[in-house]
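Protein chains: 2
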Amino acid sequence: MKFGVVIFPSKSLQDLANSYRKRYDPHYALIPPHITLKNAFEATEDDAKKYANQLRKVAREFKPFTLKTSKISSFQPVNNVIYMKVEPDSVLDGLHNQINQEFKEENVEYSFVPHVTIGQKLSNDEHSDVYGSLRMQKVEHEEIIDRFHILYQLENGSWTVFETFRLGEEAE
Amino acid sequence: MKFGVVIFPSKSLQDLANSYRKRYDPHYALIPPHITLKNAFEATEDDAKKYANQLRKVAREFKPFTLKTSKISSFQPVNNVIYMKVEPDSVLDGLHNQINQEFKEENVEYSFVPHVTIGQKLSNDEHSDVYGSLRMQKVEHEEIIDRFHILYQLENGSWTVFETFRLGEEAE
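For the protein sequence lines, the chains are Z and H, in the order given. The opening position of the first sequence corresponds to residue 1422 in the working numbering, with each subsequent residue numbered one higher. The opening position of the second sequence corresponds to residue 1422 in the working numbering, with each subsequent residue numbered one higher.
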């Protein structure tokens, strides 16, 4: 089965993202708006507890941080994903790197561009239209992020949370 | 905003429940299959952390327990909800009572019938048809439950997990 590691931002940012996703993101009904920390990877249900133990330790090493969004951007020409850009942050960066090093199956060769997807799987024409109308919009938002989650995917494509990890918690 | 407290069973039980929910439950896309421990209640986003602290303490008081399902049942004539019956269990019962006492806003006057909903908002005729065809099916399943979750509802009706609580964890 597939697992992934994400941050869910506050309800207000999720509601804003969903107002776009509803029209432009076919994954709208499968998972709430999120910032991906680790892309989907294959593991067994038994492995989940091992991963959770590792992630619990990682979470302790990082403090809550301020997440800032500023504008709407696109990954074109790489792909037709439209997203809310999340400003670079050293804690977020460190968290991403640490999690991906922890699960050594994958080389992290791409650079980490933290984002909340609001549109994807758009045709080139759709992408041009939608991005053209959204790119000038400001999405200035700021909030404290103090947790992240590991999720697994059900057969229907939707995601269920397995566990939450709070940043900066003391060892148990 | 609305919060709720639920158990997500294993992927295999969720997949089985979704095979029915897809056709018979309009909440199919809003939340994964679950056992409700506390019905939706109103609270502010700031309250969430207070509730999480309370639930973290509750979680420590209970050990993981075995969840057993046996058959498909219905709440008719009270309502047209069809569900997988979860066998009574003293830990599950205690957990439900403790959580509902912790949040004193609500009198728990109904008896707790733990279940995984697989159909709801059916007309009387639909209910008769569907329940008639499902009631003879066995759903014998057994698994260990070692966690529960608090969730909040987004404006579009879908639910996001705020935090996970693991049963029987030592104090931090």
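Rather than coming from a laboratory, the hints here were simulated on the basis of the structure. A couple of the hints might just be wrong.
One copy or any two copies: either way a pair holds, since identical chains are not told apart in the list.
Said to hold, decoys possible - Lysine-lysine pairs mimicking DSSO-like chemistry, simulated, CA-CA at most 27 Å apart:
1) 1471 x 1489
2) 1489 x 1470
3) 1492 x 1470
4) 1471 x 1559
5) 1484 x 1470
6) 1478 x 1443
7) 1542 x 1470
Please read these numbers as outputs of a predicted model, since none were measured by experiment.
Copy assignment of residue 1471 with residue 1559, given that the CA separation must stay at most 27 Å:
Neither: 41 Å inside a copy, 33 Å across copies.
Homomeric proximity label, residue 1492 with residue 1470: Cα distance no greater than 27 Å:
neither (37 Å within a copy, 29 Å between copies)
How would you classify residue 1471 and residue 1489 at a CA-CA limit of 27 Å: within, between, both, or neither?
Intra 32 Å, inter 25 Å, cutoff 27 Å: inter-copy only.
Evaluate residue 1484 and residue 1470 at a C-alpha cut-off of 27 Å and name the case that applies: within, between, both or neither.
both (23 Å within a copy, 17 Å between copies)
State whether the alpha carbon distance between residue 1542 and residue 1470 is at most 27 Å within one copy, between copies, both, or neither.
neither (33 Å within a copy, 36 Å between copies)
Identical-chain pair category, residue 1478 with residue 1443, by Cα at 27 Å:
neither (36 Å within a copy, 37 Å between copies)
Within, between, both or neither: how does the pair residue 1489, residue 1470 come out at a Cα-Cα threshold of 27 Å?
between (31 Å within a copy, 21 Å between copies)
In summary, the numbered hints that this structure violates are 3, 4, 6, 7.
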